[in-house]
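Order-wise, the sequence lines are chains P and H.
Residue numbers for the first sequence follow my numbering, beginning at 329 and rising by one.
Residue numbers for the second sequence follow my numbering, beginning at 1321 and rising by one.
Just so you know, these hints were derived from the structure itself, not from any lab.
In this text the structure is predicted, and so the values were computed from the model without any measurement.
Heads up, some of the hints might be wrong.
[What the hints assert, rightly or not] Once the Cα atoms are required to be at most 25 Å apart in a straight line, the calculated DSS-like pairs of lysine-lysine come out as: (1) 1474(H) / 1429(H); (2) 330(P) / 1360(H); (3) 371(P) / 1429(H); (4) 1474(H) / 1369(H).
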Amino acid sequence: MKTIVEILKEIRPEFDFDTSRDLIGDGMLDSFDMITLVADLEKTYGILIPGVDIVPENFRNLGAIQQLVERCAAKP
Amino acid sequence: MNFTFRNRKISGLLAIVPANERSFLEEMANFDFPPARSLKLKQVMGYDKHRLVDGPVCASDLACFGLEHLFQGGQLDRGDIDAMIVVTQSPDYFIPPTSTVIQGRLGLKHDMFCLDITQGCAGFLIGLFQAFLLLDQPSIGKVVLINVDVMSRKVSPKDRNSYPLIGDAAAITIVERSDDASPIYANLKMDGARGEALMIPAGGFRQPSSPETAVLESDGDNNFRALDHLRMDGSAVFNFVQIEVPPMIEDLLRTAGQSMDDVDYFLFHQPNRFMLQKLAERMNAPFEKMPSNIVEHYGNSSGVTVPMVIAHNLRERLLGGSINACLAGFGVGLTWASMLMPLGKFTFCDLVDFQ
């Protein structure tokens, strides 16, 4: 199964996502990349990410994205 | 704010789209993005084709074409139009109103009420509210509601966030009294404090258009647009829709004493497929009851998308009988509105190309 970093690299191969603490502030993810990422995360991990959770705070860095995925995976 | 109407119906509907069709694949080279990234977005958002006016075509051109089509087809008699409401964000002029431009071009009677309303994505519902209210007057027997926008002329072709999804279109909806006294439920909310989420900054009296407002500037994400162009804060609009629309629909159904199962179709504004899918999930509404194919075939034409979704998906159904429909529009303003009403049986329901 692909990791979150691998999914991010597929969307924006030009960036090193491991080093950034603010993917949005550093210009590595825009709002449309977030949507593409949501679609890929849902497909890869078999989860549903609620529309209200698709906000910049949940995509700020790798830790925030990981937490979002875990929260969604824990839902029945 | 809740509304209830009785003895009102839509008797027919005609949608008009420019014959000029462009595809996302053709236009991808205009955007400063790697093709793979754009193709991925195409898949998620449902971008494919869109219809755009070719050259200086205006709102009244699409509307007059549609009305002439109805006159010639015998579906509407020009002498029967007692009121005409034009809902548009792209008027022919600041002055005079586009409704009177259309009235004059078609030689319609003077004994009629012409009204322009500036509204966007909720424009079909706002127009219906006004049409229903006008029908309180005994002198008004038939209202022609025209939703029309040629917003492609105000979107930067180098803005990948907005240009691929935009579409030009018009719709003519005939609104009349009905013998059916069963209630039509509706609600509406507006929040001008968040209005800048969808905005054209220049071109009005606050900041008139000038050579400076026409200069393309980067938004930092490789999109280039001028102050004369439409600006959309994608995250703010997406979040607004996900937070505000589901409780509005719940409230509407509760007021009407109905459930999701009672609704045959959720005929919603068409921003893009992804946003509608997330909306359906949050509402626990079956996605198959929420047609979401207008952006991929025609583009998002603001207030015209609800009649477009009806004409494209439900023509045969509505010519043959009626459905219980939940309509909703949400966007510019910000405005969000919904309505629960029987639709059909229509006397006509067509979608034609503007040549």
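Tested hints:
1. 1474(H) / 1429(H): Violated, at roughly 33 Å.
2. 330(P) / 1360(H): holds (17 Å)
3. 371(P) / 1429(H): violated (58 Å)
4. 1474(H) / 1369(H): holds (18 Å)
Checked against the numbered hints above, the structure violates hints 1, 3; every other hint is satisfied.
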